[in-house]
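Student: So the sequence lines, in the order shown, correspond to chains V and G. Taking the working numbering, the leading residue of the first sequence gets 1, the next gets one more, and so forth. Taking the working numbering, the leading residue of the second sequence gets 115, the next gets one more, and so forth.
Don't read these hints as lab results, they were simulated from the structure. Just to be clear, a hint being listed does not mean it is correct.
Partner residues are not named here, just some residues of chain G that face chain V (Cβ under 8 Å, in silico) [what the hints assert, rightly or not]:
id : residue
1  : ALA152
2  : GLN155
3  : PRO157
4  : GLN170
5  : LEU204
6  : PHE220
7  : GLY221
8  : PRO222
Quick caveat: nothing in here was measured; it's all calculated off a predicted structure. Beta carbons: idealized from backbone N, C-alpha and C, even for Gly.
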Amino acid sequence: KNQVEQSPQSLIILEGKNCTLQCNYTVSPFSNLRWYKQDTGRGPVSLTIMTFSENTKSNGRYTATLDADTKQSSLHITASQLSDSASYICVVSALMGDTDKLIFGTGTRLQVFP
Amino acid sequence: DAGVTQSPTHLIKTRGQQVTLRCSPKSGHDTVSWYQQALGQGPQFIFQYYEEEERQRGNFPDRFSGHQFPNYSSELNVNALLLGDSALYLCASSSPPGLADNEQFFGPGTRLTVL
Chain V
1 KNQVEQSPQS LIILEGKNCT LQCNYTVSPF SNLRWYKQDT GRGPVSLTIM
51 TFSENTKSNG RYTATLDADT KQSSLHITAS QLSDSASYIC VVSALMGDTD
101 KLIFGTGTRL QVFP
Chain G
115 DAGVTQSPTH LIKTRGQQVT LRCSPKSGHD TVSWYQQALG QGPQFIFQYY
165 EEEERQRGNF PDRFSGHQFP NYSSELNVNA LLLGDSALYL CASSSPPGLA
215 DNEQFFGPGT RLTVL
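Kindly produce the complete structure, drawing on both the sequences and the hints.
Tutor: Given below as structure tokens:
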């Protein structure tokens, strides 16, 4: 069964600190992995997208890693800001014919306090 | 360049009623996907429309139906509303299926509350 699991479920950190969010998946056949940021009550916004051959990708203070062998990904946030408070969702695409099927994790709820 | 837009932003209905949600895709996109996101959960795939046809469908009952218009905009219809249908409904648009870079861009969502 295609699944995406994220940990921790929630996280509280102080402004300026770093943190790392985890994503484990059992999705086959793998197409790509994306990290989204979702503010409360808003639609998800893409942070990074990685294919099988990529093992790291950065977007400003966000750095995602992918280990396709162990089927794990992480999202590292550097020097956190209050505006980083949001849910972070890991989404893995399974290649189904000529289209992708997206499998969503339940997200990690990050709260950054001053 | 307009992103994905959805209307309305909020909606309150009672059990048994019917609701229609609307979505306009990002400029240049012709594929629209709909998701249901319950509070504290990840989005659940409802269905995807391309070339005015339903191409994929998730595990949702027939009460959930949709439509795509020639201008690529889309509607999600839910009949016989249940309390459990209360959720944020997200629309995402992308380029045609099969292209390498068919990343989905999400709209702001419609918050549906069923009383």
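Student: Run every hint past the structure and note whether it holds.
Tutor: A quick look at each hint next to the structure:
For G:ALA152, the interface hint is violated, since its Cβ never comes within 8 Å of a Cβ in chain V; the closest pair sits about 10 Å apart. Interface restraint check: G:GLN155 against chain V, minimum CB-CB distance 6 Å, threshold 8 Å, status holds. Satisfaction of the interface hint for G:PRO157 is found here, the shortest Cβ-Cβ separation to chain V being roughly 5 Å, below the 8 Å cut-off. Nearest Cβ of chain V to the Cβ of G:GLN170: about 7 Å, under the 8 Å cut. The hint holds.
Using the Cβ-Cβ criterion of 8 Å, the hint placing G:LEU204 at the interface with chain V is satisfied: the shortest such distance is roughly 5 Å. With 8 Å as the threshold, the beta carbon of G:PHE220 comes within range of chain V, its nearest partner Cβ sitting at about 3 Å, so the hint holds. The beta carbon of G:GLY221 comes within 5 Å of a beta carbon in chain V, closer than 8 Å, and the hint placing it at the interface holds. Hint status for G:PRO222 relative to chain V: holds, with the closest Cβ pair at about 5 Å, below 8 Å.
Comparing the model with each numbered hint stated earlier shows that hint 1 is the single one that does not hold.
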